[in-house]
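Enquirer: Here are the chains, one letter per residue:
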Amino acid sequence: MIDLILDTTTWALLIAGGLLLLITGLGLLRLPDLYTRIHAGGMADTLATFLIFVGLALQSDDIFVTIKLLMVIVFVFFTSPTASYALAHGSYVAGLKPQLDGFGPPDAHADDEKKDAP
Amino acid sequence: MLRAVSLFLVLMAVWLLLSGHYTPLLIGFGIASCLLSALIAWRMAVVDHEGHPVHLGPKIIVYWGWLLVEIFKANLDVAKCVIFPAKYLRPVMFTTKVSQKSDLGKVIYANSITLTPGTVTVDLDNDTVMVHALTEASADGIKNGEMDRRVTAVMGET
Amino acid sequence: MIIYAITAIAIMVSIALALGRAILGPTSYDRILAANAIGTKTVLLIGVLGFVSGRPDFLDLALVYSLMNFIGTLAVLKYFKFGTLRGRLSDSGKGQ
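Respectively, the protein sequence lines represent chains A, B and C. Heads up: the first sequence at position 8 corresponds to 352 in our numbering, and the numbers run straight through without jumps. Heads up: the second sequence at position 99 corresponds to 1342 in our numbering, and the numbers run straight through without jumps. Heads up: the third sequence at position 11 corresponds to 13 in our numbering, and the numbers run straight through without jumps.
Same shape as in the complex, but just chain A:
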């Protein structure tokens, strides 16, 4: 009984993670510019990693394997935002401007490039 619940949960988590990965790949291909693609890449770094490795951790019968899986999640969660920030900052400093207009209906989007917080 408990095995059935664990297996079902693993199926659900791994399928959700796989779907998220496919969406990520699609996003890397079809989003319009670099900055929006970074968001798509961050999706694979965070939730897809979490879902897949938690799904695998439910199937492991060795405590050390579970700990290693959780440790990979922690490492990825610590390093991926730093890499994303370095990439975004590097391309911003290099003079690559994000594409901010030309999306959707013209009246809904009339922002400046830099908008101060209210």
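Source of the hints: derived by calculation from the structure; they are not laboratory data. Glycine is no exception: its CB is placed at the ideal position from the N, C-alpha and C atoms. Treat the hints with care, as some may be off.
To be verified - Residues of chain A placed beyond 10 Å of chain C at every Cβ, according to the derived structure: (1) 345; (2) 346; (3) 348; (4) 349; (5) 444; (6) 445.
To be verified - Below, a list of computed lysine to any residue pairs in the SDA-like style, where the Cα atoms sit at most 25 Å apart: (7) 1323(B) <-> 374(A); (8) 1349(B) <-> 437(A); (9) 1316(B) <-> 370(A); (10) 80(C) <-> 1369(B); (11) 1340(B) <-> 444(A); (12) 1340(B) <-> 438(A); (13) 1323(B) <-> 15(C); (14) 1340(B) <-> 422(A); (15) 1349(B) <-> 80(C); (16) 1386(B) <-> 422(A); (17) 1316(B) <-> 377(A); (18) 1323(B) <-> 356(A); (19) 1323(B) <-> 445(A); (20) 80(C) <-> 445(A); (21) 441(A) <-> 30(C); (22) 1316(B) <-> 376(A).
As the list claims (entries may be wrong) - Stretch by stretch, here's where chain B covers chain A in the computed footprint (C-beta under 8 Å, at least three residues): (23) 352-358; (24) 369-376; (25) 381-395; (26) 408-421.
Based on these hints, arrange chains B and C on the given structure of chain A.
Expert: Frame of chain A, contents of chains B and C only:
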């Protein structure tokens, strides 16, 4: 010095968890290498409140739990954006204030912004942070300042 | 279990899409992004393959690969920014 001891204990725990073989020889190697690492880090003076932030304590765990829920919601938003770009995709770029005093707090805040998909920190200045957001809604999620408040609370600053 | 194979295939398709971005990418930063994404997905693939073959020892490789991926991305970005890997970031990074 106390921090170096605590760093040694943390390193030793990681060694024991990752190795999985408990013979006297291997544990001896573990103690020797962890001691050496802690000693080198202490001599390099990198074991301070930034390099080994144990003082954050259990509050950061609670914050990670909250952050995980935020990441979950933000992922669904980004997935919607990828599948229906014409309907949802409205990138904005804006600057907002950082209220943390210490560098560690600023880094935790900026990395939390980047870790939630839909918002990426592009530039971190002294007290402002420039954020690129995928939709207006995700930009509002940063602008309302809840994450800022929570990081400040974790850092123990008011 | 069959689900491991399905997940592995999904990861590989995703890697192929990221590879497409690496080939198309108009700027070199797009290519770095694609390389970073491929690295993250490789970590996932190593973990899943360890369970496919019933040898979870592969997870050690996944641990090391996730750290190597991070260091590699930062090294390439630093090289792009300064043209060299020597020197400290704090000396030459100001005022650029």
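Enquirer: When the structure is checked against the list of hints, which entries are broken? Sort them ascending.
Expert: Structure breaks hints 20 and 23.
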